[in-house]
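Number of protein chains: 8
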Amino acid sequence: MNTWNVYLSGEIHSDWRKEIKNGIEAEGLPVNCTAPVTDHPASDNCGVDILGDEEKDFWKDRKGAQVNAIRTRTLLEDADIVVVKFGEKYRQWNAAFDSGYAAALGKKLIIMHPEEHTHALKEVDAAALAVCQEPGQVVEILRYVTVKE
Amino acid sequence: MNTWNVYLSGEIHSDWRKEIKNGIEAEGLPVNCTAPVTDHPASDNCGVDILGDEEKDFWKDRKGAQVNAIRTRTLLEDADIVVVKFGEKYRQWNAAFDSGYAAALGKKLIIMHPEEHTHALKEVDAAALAVCQEPGQVVEILRYVTVKE
Amino acid sequence: MNTWNVYLSGEIHSDWRKEIKNGIEAEGLPVNCTAPVTDHPASDNCGVDILGDEEKDFWKDRKGAQVNAIRTRTLLEDADIVVVKFGEKYRQWNAAFDSGYAAALGKKLIIMHPEEHTHALKEVDAAALAVCQEPGQVVEILRYVTVKE
Amino acid sequence: MNTWNVYLSGEIHSDWRKEIKNGIEAEGLPVNCTAPVTDHPASDNCGVDILGDEEKDFWKDRKGAQVNAIRTRTLLEDADIVVVKFGEKYRQWNAAFDSGYAAALGKKLIIMHPEEHTHALKEVDAAALAVCQEPGQVVEILRYVTVKE
Amino acid sequence: MNTWNVYLSGEIHSDWRKEIKNGIEAEGLPVNCTAPVTDHPASDNCGVDILGDEEKDFWKDRKGAQVNAIRTRTLLEDADIVVVKFGEKYRQWNAAFDSGYAAALGKKLIIMHPEEHTHALKEVDAAALAVCQEPGQVVEILRYVTVKE
Amino acid sequence: MNTWNVYLSGEIHSDWRKEIKNGIEAEGLPVNCTAPVTDHPASDNCGVDILGDEEKDFWKDRKGAQVNAIRTRTLLEDADIVVVKFGEKYRQWNAAFDSGYAAALGKKLIIMHPEEHTHALKEVDAAALAVCQEPGQVVEILRYVTVKE
Amino acid sequence: MNTWNVYLSGEIHSDWRKEIKNGIEAEGLPVNCTAPVTDHPASDNCGVDILGDEEKDFWKDRKGAQVNAIRTRTLLEDADIVVVKFGEKYRQWNAAFDSGYAAALGKKLIIMHPEEHTHALKEVDAAALAVCQEPGQVVEILRYVTVKE
Amino acid sequence: MNTWNVYLSGEIHSDWRKEIKNGIEAEGLPVNCTAPVTDHPASDNCGVDILGDEEKDFWKDRKGAQVNAIRTRTLLEDADIVVVKFGEKYRQWNAAFDSGYAAALGKKLIIMHPEEHTHALKEVDAAALAVCQEPGQVVEILRYVTVKE
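Protein sequences appear in the order of chains A, B, C, D, E, F, G and H. If you count by our numbering, then the first sequence holds residues 1 to 149, one letter each, in order. If you count by our numbering, then the second sequence holds residues 150 to 298, one letter each, in order. If you count by our numbering, then the third sequence holds residues 299 to 447, one letter each, in order. If you count by our numbering, then the fourth sequence holds residues 448 to 596, one letter each, in order. If you count by our numbering, then the fifth sequence holds residues 597 to 745, one letter each, in order. If you count by our numbering, then the sixth sequence holds residues 746 to 894, one letter each, in order. If you count by our numbering, then the seventh sequence holds residues 895 to 1043, one letter each, in order. If you count by our numbering, then the eighth sequence holds residues 1044 to 1192, one letter each, in order.
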């Protein structure tokens, strides 16, 4: 393994991805991070922006979700490790969907969430090889699995 | 195909599974339905009941979720069609996880949810071959795909 | 093999499926045939009939094609042998799509078409283990592969 | 993902591939495009040119289609994204075959065709994550999925 | 699922398999149990008994292990659930090998062992969906996953 | 496993298949045997008989081999155990091809051949879980792996 | 595709591999060739040379064939295209075994053999996308599939 | 193959990995070696060190084993060849688990162990393409399979 591919799925309203990337850079780890588009309006509108307007929200959402899926499924399938963060806001069904998708593909799953979600996320956690709360823990895991001798 | 296997995932607080099964029986469709354990307390406690107590909720939940996974992953992998219902209450990350798991395995996915969840569930819907609101629509789909000539 | 599963894909405007089924019955072959819905209006309208109207033809067609896909992909994936007939009328991209889908899954492919289509169908034919013109030839192949000693 | 592999299948009688490649180059996208041989006579004759003459067109076509398949199936299986263009002329069963082949392999499918083909291509479209009309839209999708943050 | 297939791997010097089978029968569970040959001398000698003597123990053992593998790999690959028991005696590398084989195939793994082996078996346990000590617990799990509503 | 599927590949000029089937019947083993068409002229001519004459032997042979492949690949892929017999006559590349095909699919392979072929068949034997000389040994193996306790 | 991997299997008693490599180099094709060990005595003796002597030829051959399999199966599984040459001498079951192994993995298969073997090799040829006689034809195919526009 | 990936699993209490790496370097072989963390205390404690303390040894071990699995399963799945060494001490169920995991994935397996373990390891050995005693033999095999012509 020259480089480990890590897909960072889930919450897009805090800077947790940046913290992990900074940690990876600071440690000089052989890790390449990928992510969904985290520009929320762009992500919501990409379907109609590129493929034409829709009157119904259902089809606007479907067009957008499908364009995003071209990116997210490819990156997720290409990853060795998938990290999924559940934040405090929103329903985040997208994050849980990605967790299930990754689990079925045998990806190594790391789940991050506040302790208050422990019961609600128990099926998701049960598919993970690590459950943690902070980006720093993800960096520690990545250091351990990629360069520790 | 003598029999189609359909796994009914998701919400366990309404009688939607029974409505679908009644519809299948009334139509005499060649469909065998399976489901997770829908007795909520039993589902929460199966891990510690069988494998011994835990002081921490995290491990109680893990033990239970893993025992449930023996059942749910086997039935889901054995299914031709997976129906997932999102209700109005609870976070239902489990339902979204099952949707992702089913999608990655190439299962034919039917998603049921109230229209108010359209935007929040757009990634899940985008993986589905049908999105509907009522159990009767699922029965109609099953009739069409299994016996219509 | 107690029973061979054969999926009959393609043209829905002649009675070729019935000829094959009659031949199988007359010979008493251990073959179970499946097919898409061959009621053309039902096939076109199943999406909006079950899941609600659409103003745009594009979405009406998508809804219908996706409901049909629940059936056709399941039956095709379940088949040992896939027979695809290209008729003289229509563009029949659906038939060519099914041929590619079946080829990628390693299904044993039998293609039926009039000789005039030989050049236009050369990539499809090249993925087939038999290319023929008449339903009777399909029956002969099925007899040979299932019961000849 | 250092580079995304995109296979450009379908119509060979317009310069749509060149437009997409120009767009990729202009945007500096990390995308590598591949394609079938687009020299029509070479594609038709490669079998007999290399492997020896045939009297019957059927075998000439088969030899050629099989040599082309060495290339096209390898490139298609190696692709992350498969773009298929249906033009206005010819029957283009080859394009529909490639669409089905790509769909069965779980490739991310983008379909381009004039709106007049919407109904005839509904099963092909239903397997796609994006349906569009112009090469520029493909470039926009590629930009969005490969470099947007 | 009409019947769940459960492969009982590991220790062959106690009657744990019989206890599980008795429990399944007493509860009337839809479970079919399979197992390796538990006649120790037959298992050691099957290779040379059927395929001819060997002077070197290494080849005698190889012949026997390969004949046993015809049975054990087939049954394990056919199982929905794999139960592996580690006893107190012998090195039981065979049991650990089966656990790894089952884990890589995505089988639902239940591990039984005395608590004293917890540390030594931690990698094996980490691949399991349930870890227990007694045959009765396996029966309880099987009852829960196969017939509980 | 209610029934084990065993495909009997290779030599078609002696009655070894019948000996194995008789042994299975005499022992009452839960084994279902399948085989290629063993009527040599029918096997050679099935392609042109059903699909039309060819002037060149190459295409006559291809048509026939492809029709036979519909049968043999299906049965081989459906088998739990594949037995391949190499006789004393003919080149039997077909038998070696089937051995490689079965090995790549992870089938449990039993090879039968006279000892004089040991060196020439070493790569084939190296993929097998048992190498023997007589049909009776195959029956003994089948008895051991299917019903011994 | 930056580089196409081509595995050259089969006959080791003529310089056909060198002719193909020379052709590739002369044309500057983006092709990387691999091959089994073609030093016949080394190939026969590698097992006992490295892992210790055997009295019986059967085990000497098995040890050697298994060591060679570490190389050949890895390279064959890594290849995009597999070329197999059948020469005039020896039984070459190894070449036919590799052909079957490659076919089951969906590799693009090119078979080379003298015309006199057409009937005996018909099942092998039927799995190939090209059948030819001369190394120069393989180079022409490789040029066509890798660099022709 | 530019580089062969070799995963060195098993015993962590002698310097056998270093001997193999030295041999590879001395011979200049195109081989990249990977391994689990061989710092025993770090390996035992990584779970609780990164993810928080546990009172019960069972959960401490599970947390650690799961973090290690992120590394070991990824490297093992990425390997072409898996070498597993069984030493004289400890139960080494981990080594046997890895052997089974590798075997199920079709990895090329080389097993090293003292001759005294021949009988106890017979099922593990039976899944291997080479069984040896010394690191030097592994280097010889790697030289033969990667660079011998």
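Accuracy of the hints is not assured; some may be wrong.
As the list claims (entries may be wrong) - Lysine-lysine pairs mimicking DSBU-like chemistry, simulated, CA-CA at most 30 Å apart:
#1 K18(A) / K595(D)
#2 K56(A) / K148(A)
#3 K950(G) / K507(D)
#4 K912(G) / K950(G)
#5 K468(D) / K950(G)
#6 K1064(H) / K209(B)
#7 K387(C) / K316(C)
#8 K950(G) / K1042(G)
#9 K205(B) / K89(A)
#10 K1064(H) / K954(G)
#11 K148(A) / K1099(H)
#12 K915(G) / K536(D)
#13 K834(F) / K915(G)
#14 K167(B) / K297(B)
#15 K60(A) / K387(C)
#16 K614(E) / K893(F)
#17 K685(E) / K1064(H)
#18 K209(B) / K89(A)
#19 K319(C) / K297(B)
#20 K656(E) / K801(F)
#21 K801(F) / K446(C)
#22 K446(C) / K893(F)
#23 K465(D) / K503(D)
#24 K801(F) / K507(D)
#25 K595(D) / K465(D)
#26 K387(C) / K507(D)
By construction, these hints were calculated from the structure, which means they are not laboratory data.
Q: With a cut-off of 30 Å on the C-alpha distance, tell me whether K614(E) and K893(F) pass.
A: At roughly 16 Å apart (the allowed maximum being 30 Å), K893(F) and K614(E) satisfy the hint.
Q. Taking only the CA atoms, is the gap from K950(G) to K507(D) under or equal to 30 Å?
A. violated (52 Å)
Q) Under the criterion that the straight-line Cα-Cα distance not exceed 30 Å, is the pair K834(F), K915(G) satisfied? A) violated (36 Å)
Q. Regarding the pair K468(D) and K950(G), is the alpha-carbon distance no greater than 30 Å?
A. Violated. K468(D) to K950(G) sits at ~62 Å, over the 30 Å cutoff.
Q | Given pair status - K1042(G), K950(G), alpha carbons within 30 Å | A | Not satisfied, since the Cα-Cα distance of roughly 52 Å exceeds 30 Å.
**Q.** Satisfaction of hint between K1064(H) and K685(E), Cα-Cα up to 30 Å
**A.** violated (36 Å)
Q | Hinted pair K205(B) and K89(A), Cα distance within 30 Å | A | Roughly 25 Å between the alpha carbons, so the hint for K205(B) and K89(A) holds.
**Q.** Satisfaction of hint between K297(B) and K167(B), Cα-Cα up to 30 Å
**A.** It holds: about 23 Å lies between the C-alpha atoms, which stays within 30 Å.
Q. Within a Cα-Cα threshold of 30 Å, do K446(C) and K893(F) meet the stated pairing?
A. Distance ~33 Å between K446(C) and K893(F) Cα, so the pair is violated.
Q) Is it true that the CA of K595(D) sits at most 30 Å from the CA of K465(D)? A) OK: K595(D) and K465(D) at ~23 Å, within 30 Å.
(Q) K319(C) and K297(B) were given as a pair; does the straight-line alpha-carbon distance stay at or below 30 Å? (A) Within the cut-off at roughly 17 Å; holds.
Q: For the pair we were handed, K912(G) and K950(G), check the Cα-Cα distance against 30 Å.
A: violated (35 Å)
Checked against the numbered hints above, the structure breaks hints 2, 3, 4, 5, 6, 8, 12, 13, 15, 17, 20, 22 and 23 and satisfies the rest.
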